[in-house]
Amino acid sequence: MADNETKNDTPNGTKKPALPLQQLDADATKKPSGPPSGTKKPDGPPGAKKPAGPPGSKKPAGPPSGTKSKKPTMPPGFSGDGGGDGLTRKDFQSDQDVRWCPGCGDYAILSTVQRLLPDLGVPKEDIVFISGIGCSGRFPYYMDTYGMHSIHGRAPSFATGLKSSRPELDVWVVTGDGDALSIGGNHLIHAMRRNVDLQMLLFNNEIYGLTKGQYSPTSERGKITKSSPYGSIDAPFNPVALALGADATFVARTMDRDPKHMKAMMRRAHDHRGMSFLEIYQNCNIFNDGAFFEFTEKETKPERALFLDDGKPLTYAGGDRGLRLDGLTLQAVDLTTGRWSADDCVVYDETNPELAGLIGRLFWQEDLPRPFGVIYREERPTYEELLHTQIDGITERKGEGDLDALLHAGDTWTIQ
Amino acid sequence: MASAPPTETHPIQDATVLFAGDSGDGMQLTGLKFTMATAQAQNDLATLPDYPAEIRAPAGTTYGISGYQLHFGSEEVRTPGDAVDLLVAMNAAALKVHLRRVRKGGTIIANADSFEKRDLELAELDSNPLTDGALDDYNVIEVPLTSITRDALSDTDLSTKQKDRSKNMFALGLTLWMYSKPMEPAMKWLDQKFAERPAIRDANRHVLKKGYHYGETVEAFAVRYDVKPAPMDTGTYRAIRGAEALALGLVAASVKSGLSLFYGSYPITPASDILHELSKHKNFGVMTFQAEDEIAAVGSAVGASFGGNLGVCATSGPGIALKTETIGLAVMTELPLVVIDMQRGGPSTGLPTKPEQGDLMQAIYGRNGEAPLPVLAPGSPGDCFETAYEACRIATKYMTPVMLLADGYLGSGAEAWRIPDPDTLPPFDVNFATKPTDRTMVGTNGDRKFLPYVRNDDTLARPWAKPGTPELEHRIGGLEKEDRTGDVSYHPENHERMVKLRAEKIQRVQQEIPPTEVLGDADGELLVVGWGSTQGAIEEAIERAVDGGKPVAGLHLRHLFPFPPDLGDILDRFETILVPELNNGQLVRLLRDEFLQPCVPLNKIQGQPFTAKEIEQKIDALLG
Ligand code: SF4
Numbered sequence: 000m001a002d003n004e005t006k007n008d009t010p011n012g013t014k015k016p017a018l019p020l021q022q023l024d025a026d027a028t029k030k031p032s033g034p035p036s037g038t039k040k041p042d043g044p045p046g047a048k049k050p051a052g053p054p055g056s057k058k059p060a061g062p063p064s065g066t067k068s069k070k071p072t073m074p075p076g077f078s079g080d081g082g083g084d085g086l087t088r089k090d091f092q093s094d095q096d097v098r099w100c101p102g103c104g105d106y107a108i109l110s111t112v113q114r115l116l117p118d119l120g121v122p123k124e125d126i127v128f129i130s131g132i133g134c135s136g137r138f139p140y141y142m143d144t145y146g147m148h149s150i151h152g153r154a155p156s157f158a159t160g161l162k163s164s165r166p167e168l169d170v171w172v173v174t175g176d177g178d179a180l181s182i183g184g185n186h187l188i189h190a191m192r193r194n195v196d197l198q199m200l201l202f203n204n205e206i207y208g209l210t211k212g213q214y215s216p217t218s219e220r221g222k223i224t225k226s227s228p229y230g231s232i233d234a235p236f237n238p239v240a241l242a243l244g245a246d247a248t249f250v251a252r253t254m255d256r257d258p259k260h261m262k263a264m265m266r267r268a269h270d271h272r273g274m275s276f277l278e279i280y281q282n283c284n285i286f287n288d289g290a291f292f293e294f295t296e297k298e299t300k301p302e303r304a305l306f307l308d309d310g311k312p313l314t315y316a317g318g319d320r321g322l323r324l325d326g327l328t329l330q331a332v333d334l335t336t337g338r339w340s341a342d343d344c345v346v347y348d349e350t351n352p353e354l355a356g357l358i359g360r361l362f363w364q365e366d367l368p369r370p371f372g373v374i375y376r377e378e379r380p381t382y383e384e385l386l387h388t389q390i391d392g393i394t395e396r397k398g399e400g401d402l403d404a405l406l407h408a409g410d411t412w413t414i415q
Numbered sequence: 000m001a002s003a004p005p006t007e008t009h010p011i012q013d014a015t016v017l018f019a020g021d022s023g024d025g026m027q028l029t030g031l032k033f034t035m036a037t038a039q040a041q042n043d044l045a046t047l048p049d050y051p052a053e054i055r056a057p058a059g060t061t062y063g064i065s066g067y068q069l070h071f072g073s074e075e076v077r078t079p080g081d082a083v084d085l086l087v088a089m090n091a092a093a094l095k096v097h098l099r100r101v102r103k104g105g106t107i108i109a110n111a112d113s114f115e116k117r118d119l120e121l122a123e124l125d126s127n128p129l130t131d132g133a134l135d136d137y138n139v140i141e142v143p144l145t146s147i148t149r150d151a152l153s154d155t156d157l158s159t160k161q162k163d164r165s166k167n168m169f170a171l172g173l174t175l176w177m178y179s180k181p182m183e184p185a186m187k188w189l190d191q192k193f194a195e196r197p198a199i200r201d202a203n204r205h206v207l208k209k210g211y212h213y214g215e216t217v218e219a220f221a222v223r224y225d226v227k228p229a230p231m232d233t234g235t236y237r238a239i240r241g242a243e244a245l246a247l248g249l250v251a252a253s254v255k256s257g258l259s260l261f262y263g264s265y266p267i268t269p270a271s272d273i274l275h276e277l278s279k280h281k282n283f284g285v286m287t288f289q290a291e292d293e294i295a296a297v298g299s300a301v302g303a304s305f306g307g308n309l310g311v312c313a314t315s316g317p318g319i320a321l322k323t324e325t326i327g328l329a330v331m332t333e334l335p336l337v338v339i340d341m342q343r344g345g346p347s348t349g350l351p352t353k354p355e356q357g358d359l360m361q362a363i364y365g366r367n368g369e370a371p372l373p374v375l376a377p378g379s380p381g382d383c384f385e386t387a388y389e390a391c392r393i394a395t396k397y398m399t400p401v402m403l404l405a406d407g408y409l410g411s412g413a414e415a416w417r418i419p420d421p422d423t424l425p426p427f428d429v430n431f432a433t434k435p436t437d438r439t440m441v442g443t444n445g446d447r448k449f450l451p452y453v454r455n456d457d458t459l460a461r462p463w464a465k466p467g468t469p470e471l472e473h474r475i476g477g478l479e480k481e482d483r484t485g486d487v488s489y490h491p492e493n494h495e496r497m498v499k500l501r502a503e504k505i506q507r508v509q510q511e512i513p514p515t516e517v518l519g520d521a522d523g524e525l526l527v528v529g530w531g532s533t534q535g536a537i538e539e540a541i542e543r544a545v546d547g548g549k550p551v552a553g554l555h556l557r558h559l560f561p562f563p564p565d566l567g568d569i570l571d572r573f574e575t576i577l578v579p580e581l582n583n584g585q586l587v588r589l590l591r592d593e594f595l596q597p598c599v600p601l602n603k604i605q606g607q608p609f610t611a612k613e614i615e616q617k618i619d620a621l622l623g
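Chains as they are written, first to last, in numbering that gives the first Met the number 0: chain S, 0 to 415; chain X, 0 to 623.
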């Protein structure tokens, strides 16, 4: 399972904003305000209160040892390069300069993918990355695989066409919260419904980064951004709950600042046959810095993040806390007082849709942690499998198509 | 019934028949079955279905009327007919809607049972046209279709509703008799269609025969007509609708190229017929994908093209609007794609079931940025086959999206089509980049890199390297590409170069265009230039004018962008150029723009095709 002990260092030496963490330290498990009315975060996380300027205007944003470098400085927690098929991480790095803002969580995701792929044993030429628009959209350019940087929100449709027509390919979709959940919402849910065998990585940073800082469909209500100077009045999506609602066959969540967990989740997403949806909490240090720090930083992570482990009881905070069922409601309990023990906690079963519904919906509840890990998985035939089985079956029954016969089908007459 | 005297049979050259009734009356089916009978009798033919946007509008109202018009003849038939010789009106509303299409002196068979007070009210008629003298100029035959059919089926167990469903077969039988056509094709069809439901089959067969025999026994029918076989080129024929022909053209392209056909589609009138047709042909490896929306339909096709398949989608104007951004991506990524636009009256939802040529400008110019692509348009239902094939060939040869502009008139209209021999279709070879070559790679050993934007000298097409090909890994996307490397580039000069290269590539499609055929008087004064589904009406008008000794010629453009290379020279030879279009003047503007010729428009924007007569009149007016 995941390494919950991420070091305090953040990518590229970005300094953590002090304010929200101090607040969270002071009251780690309690959210300052409930979902329906207020913001879900402590008042004024730095990224939210004043929309930040462009890269460079922010103090900690020093370039990762020279922008020309192919290798951005990585957060700790990375294992070595993989070895399957003799490929290494380097084989998956394209010759393009990575142009994300220094300190952006995207670097860690890119690096994790590049470290994972050599382990998977998939021939490099069979791997395709397809993205939409947004900061995440640049991802394929940095991968030395086949790739397509498509248009806003539509990546799943290109991927669906590609994967259905070429089932042997290993197709990854890279998207963001605006891309997938706003402009591309329709394609997202239908790719899930159809269960196309894709891996979808959703970089959720709760902001529109590339357009310089408007609130996104995952931004919390009340968020102050360039387009919501008086606070956003939109209710946010919980992408995991949305995916469950759309009948995705694999739903998981991870975070950019826990590369080990992220890699494990990517591997499991890849192993799954069918549409795998992996939400990655990704820090946009320019426009929404610290959006997920309560889950990702060591001071608060144990209390706020619950790492799911199939077949194990739901405990967190180093085993000091757990989740039990009170009727049909999840309740956080203190396991240190002797009143409750791990035996009282819900044993997680990632194939149980009811449990997934309860856990996947953990989002706003003030006294409950946020779940990470595989929230749900099920086996269901994939779209491309059904498509080709049908084609094969019909071809077997009717015989391989004969063009001349097809042209002559129906009533014909001949002029001599 | 008293036995009538033996009927005379008059030979005639051609006839136009129109079946009209409630959309639930089965008029399309009746028309189709009559069409098959004329086809089997070796007449040349053209048909025009005309159905309402509502699926089942309230019975008896004018807005629920569905019509099917058929023109068949012993000579070449180019249009579904300007004026109707026989109207079969199943109710008062059908008569009201279609009377204006019947020629003076034409015959009207009216279902006398559907001219009661209530029927007249529903049709918003103040008085009964059967009795008020409104039809004095016509040969009206009243037939109590409903009651005869009920009587004929009185000893069956069918409900009245079921019995009434058969009355179109009575009308069909009667019309077949009138035109001396055989019943067998319709009988055969009934046997197949209702093989599992013998009661319905027998009822329909019985009523069909009753209709046929009714003509013989009723005095009202003093004459029947006979249209002799048309002198058509030797070969095997079938009646084909444009939508079918498009689908077959796509399948043929797939078979001949060896590419799998991937068809992404979202239901829309009148393009859905292509999806219906293609989804039957899965044993050709055809993948049909019914997408969640128009954007996903085209996106999936582009994704499939990226994967080395033949990516195709079809829609109508509103769908094209939604697909526009993706088509732009296909322009930028230089991937093959065929987009069929079954044009309909617009803007917005417009007239979903009515043809219009309003999307020409949209096809050529309707994208952001400089995004040229080839635009083709078939001229007849049968021509849809060749044009679809050609669109696929150009798309893959030039690595570009291609638009094909058809419309509902072509899509649901049918004609007698000489079936081509697959071996005689133009060659369709596709060359994928399968391995690194010196031309497409740069760098030294360890750092060799594939160049996805190195172009073919002749076509300027970039290589098509599909995922799965070792060593040719590359990325494409919507950001401007650097010449040759395909890397993202914001470089000012590179952008200009790429815009020009993309434009030049499309211009080179001119290489594919055969010499333009000029019909009629090639040294004449007036040239009629048309495109798309108006071909039949225009050519008939030209023929009539030429037969009348007028100095008129015509040409029909299949290639709207780029234009044929010889078009300018041809236009130069004529004093006057007439451009008939079912829009407010689009081709006419393109011609003026490109050739600086003072072209004269003839526009009709009524959701109806031209009649040859309308074009003839304009020709006469221009010749003075
Ligand atoms: S997500 Fe934020 S930090 Fe990352 S590249 Fe985009 S704007 Fe910069």
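Source of the hints: derived by calculation from the structure; they are not laboratory data. Where hints are given, some of them may not hold.
Here are the simulated DSSO-like pairs of lysine-lysine, each with C-alpha atoms no more than 27 Å apart in a straight line [unchecked claim]:
1. S:K89 to X:K116
2. S:K397 to X:K279
3. X:K95 to X:K116
Checked hints:
1. S:K89 to X:K116: violated (85 Å)
2. S:K397 to X:K279: Cα-Cα ~11 Å, so holds.
3. X:K95 to X:K116: Roughly 15 Å separates the two Cα atoms, so the pair holds.
Hint violations for this structure: number 1 only, all remaining hints satisfied.
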